[in-house]
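Respectively, the protein sequence lines represent chains A, B and C. Note that this note's numbering has the first sequence beginning at 113, numbered continuously upward. Note that this note's numbering has the second sequence beginning at 16, numbered continuously upward. Note that this note's numbering has the third sequence beginning at -18, numbered continuously upward.
Do not rely on the hints blindly, as some may be mistaken.
[Unchecked claim] Listed next, the in silico DSSO-like pairs over lysine-lysine satisfying Cα-Cα at most 30 Å (straight line):
# : chain 1 : residue 1 : chain 2 : residue 2
1 : B       : K539      : B       : K601
2 : A       : K182      : C       : K132
3 : C       : K161      : C       : K66
4 : C       : K39       : B       : K331
Hint data in this document are derived by calculation from the structure and do not stem from the laboratory. From a predicted model like this one, the values you see are computed outputs, not experimental measurements.
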Amino acid sequence: MENQQDFQYTRQISQQYPQDKRFLLAILQDIQKEYNYLPRESLYMVQEYMDIPLAKLYSMATFYKALSLKPKGRYIIKVCDGTACHIRASQTLTDEISKILKIAPGQTTSDGRFSLETVNCLGSCAAAPVIVVNDRFYGKVTPSMVKTIIDEYGGIYS
Amino acid sequence: MKNQSMRINKILVCCGPGCLSNDSLDIYEALKNKIESDKPYISIETTVKATGCHGFCEIGPLIKFLPLDFFYCNVKVSDVEEIYQKTIKNGEIIERLLYHDQNSNQKIKSPEEAGFYKGQKKIALRNVGEIDPLSIDDYMKRGGYKALKKALLKSTTEQIISEVEESGLRGRGGAGFPTGFKWRQCAQMQNFPKYIICNGDEGDPGAFMDRSILEGDPHSIIEGMVIGAYAVDSHSGFMYIRDEYFLAIKNMTKALEQARNYGYLGQDILGSGYDFDIQIVRGGGAFVCGESTALMASIEGRVGEPRAKYIRSVEKGLWDKPTVLNNVETWANIPVIINEGASRFKSIGTAQSPGTKVFSLVGKVKNTGLIEVPMGMTLRQIIYDIGGGIALNKKFKAVQTGGPSGGCIPEQLLDLKVDFDSLDKAGSMMGSGGMIVMDETTCMVDVAKYYLAFLSEESCGKCVPCREGIRRILVILEDICNGRAQDEDLDLLIEICETVQATALCGLGKTAPNPVITTIKYFKDEYIAHIRDKRCPAGVCKELTIYSIDKDKCKSCGLCAKNCPSSAIKQEQSKIFTIDQTKCTKCGACVDICNFHAVKIGGALACR
Amino acid sequence: MQIIIDKVKCEAKLGETLLTIARRNNIHIPTLCHSDALAGQGNCRMCMVEVSEGKTKKMVASCIYPVTKSIEVITNSETLTKMRKTLVMLLSARVPHNNTILKLRQEYNLPPVTRFKSDDEEECILCGLCTRACDEMGISAISTVNRGINKKVSTPFEEPSTVCIGCGACAHVCPTGAIKIEDIGEERIIWEKSFELLRCSNCGKPFITRVGFEYIKNKINTEIETVCENCRKDAITKKLRDIYGF
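All chains, please: the whole structure from these sequences, using the hints.
Okay, structure coming up:
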């Protein structure tokens, strides 16, 4: 669970930026990166630091896709569903990953290790279909490659 | 193929978006390590550079060798040892790694010989793939920052604006607004501070032009922005870059730092007394933020909702101050116009759309990749000469331009010249440059549904027509694809589309119906087939497709039955295999596994 | 400056919105997301009109379109009516049982929308007035949440807000009555939060929440009496009568 210590980071992150509304998105993105989501405590701290209504923060947090209020997994598997990937059957990859991890897109495995997301075009259209695990790209992926890729990150615990 | 006199002094490893997904960074590291570790022992003067996109993504990872100008394709990490021993140390060309052009059935050494590169003209991409993006010296060696010196030290702001106006450059972000005119309007405003913005929130599915420039030649954008800022008297600039483009952000951060160190950015630029600096803003992951007013809202730290543009951004933009916003490609064009002059620029392209345009040519085309062509080239030339035609020699059906705001252009318009106005007239638009080729196995209703599903998530939800209209258009399209639609749905679809087009608040909403309108316009028979005959001619919509086995082609090998996950394929007494339609899930496994192309896709579901 | 709206010559000040000018001249333009107390939003698009400027003709949202030169405006063409019909149809599909939209639908002679699955409970058309009003109060207890077709209005985390003062400005400004405000005895419930109501020291009617009263008192930094608006008006009238003797 989150303890006091953890939220030191939120304070540190916030204080790197001036108390100006325009750094709000950047602060939230940094917090997202640190915790893999926006913990409530952090939002309260940002609210206080920036002197901005919580409702505005909540509105931002739910508007931007880069931000999430639910914890995400350690490894975030993004299946590109840009047009090029879509017409090269990216859906079958999503289905396959869903089957292996037993989670639907947008969900995280119960052990908190994997999240599955479908994203809009990652700009690697020539290598379609593409999936990205954290910052690593995999191109021309076929459903049969999916398990091997998941295994690179420790696979599923049975 | 030994060539003792051959001295390779530069190796360019493509680390563009496509090649990166095929381990090109590992190849680069391996090559570098090889050379570094041997350097103390043998005299070797080769440097290896990780560059931006070489363009020909289809056959990546690519490696180019200079000065002899030949290239390898489909390189793997396991090839590095051989490349080092044979090519780098001995100047020997490895045949196996040369590009084999299927259309001419030839092995090709130099990029110039490949159909893919012929006919291209690089302005915005002039350095992409040729330099190490992390080296400002590389950029300067190719004429970088010369335009800045000319602008700041030898020109008046009026001269700069006139030059850009005269060049006829139009915004490469999609709408094609004249750049020079925008600058002039902003320059005339007596309201300070003024702001300069680079829109790098490329979000069109199927487009990676801006990403390639941001990653592969960041200084060209910086140089363009400083010139623009100087011309309109702005001292503060923002670069809004999509958060998913982490490499672009990394390279740009480094480039900004270098530019400051070299005195091209920051205070007293080149001793001219002029100050200007640029900050990077990471996008929050919202397609609508590619819309200029939503982007500005996002920079200000608000949700990215657009506003009506009755008062334009040049008058009241960021923080209600005069603002010039141009996209990545537009900015990258500026230094060339200043350096070489407007008339030179105008000599390329068409009268109304001068210059070139970068496209990401993707989809069912043989040579996918990043291309830059003079405006006015026909779609046919792009798809067949550069793109090499349709992959697997299937039949061309349509090409989609302009992303979710654009439309699908059919075969009868293949000779359409690609420029801002012709594409508009065809019901599509230039957009930022995604060009997605579709073949006979692409269902046009499914394509329309795909875009509208995308937009339903990406609409900001502020105005009624966009939010409620898109939602209902999507419902109707889903019904059509599932075989649940009625004849009158087509009229309703058109009615909603027209209203959304006419009344939505921002560009995203106004253009959202385009994928539907153009597919109805050019592929109405496919809609009718779905609605009336409950049949998907392309065999994409699963509810409307049946798989069957062609008795004449089936060799009774049984491979399909063995691989069917739902045990739907059985052998009948006559030894012929058949598919039980009640069990078939249309996963396509049988189609992929059959060596005799005996599994047929298509036809209506008789049982419905 | 003069502009023409539906063939009527109207005086206009630079920067005024078309809607303001039309209303001043008793020309009816339908609106849903507009309140005279707040700046125009341009969200519902019902108020769109046709503007001709020389040869160019365009459609604009009259509630936010600022007049900068002499123009000619048409508020009720066939195209506009057709579009408004479609907008009303779309809204009816969203809030099938809402009275405001129902009336509008009848006004436009539209049948009930049966083509789409609707949420029978939904009453909100996401016009955005409530969040604006809340912002204007300086509270910002509610905001829009999510985006696209999943957008809605809510308090943070969809829990009772810690900052809401129960002033009811949101419910007051809502064109469709979508925000439930319940006053029972000395209790008000709004956004799932309960507030104590203060009674008017004159007529005894509960009229303001205690936190709301304190908030206003602090904001204007003076002592105020717990008198409801009606009684305050009455008191002023009485005072005037005392002074002028009528």
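- [ ] For the pair we were handed, C:K161 and C:K66, check the Cα-Cα distance against 30 Å.
- [x] holds, 28 Å
Open item on the list: For a C-alpha distance cap of 30 Å, please report whether C:K39 and B:K331 respect it.
Closed with: holds, 21 Å
Open item on the list: Run the distance test for B:K539 versus B:K601: straight-line Cα separation, threshold 30 Å.
Closed with: Distance of about 25 Å is within 30 Å: holds.
Open item on the list: Need the status of pair A:K182, C:K132: alpha-carbon distance at most 30 Å?
Closed with: holds, 18 Å
Violated hints are absent here; each numbered hint is respected by the structure.
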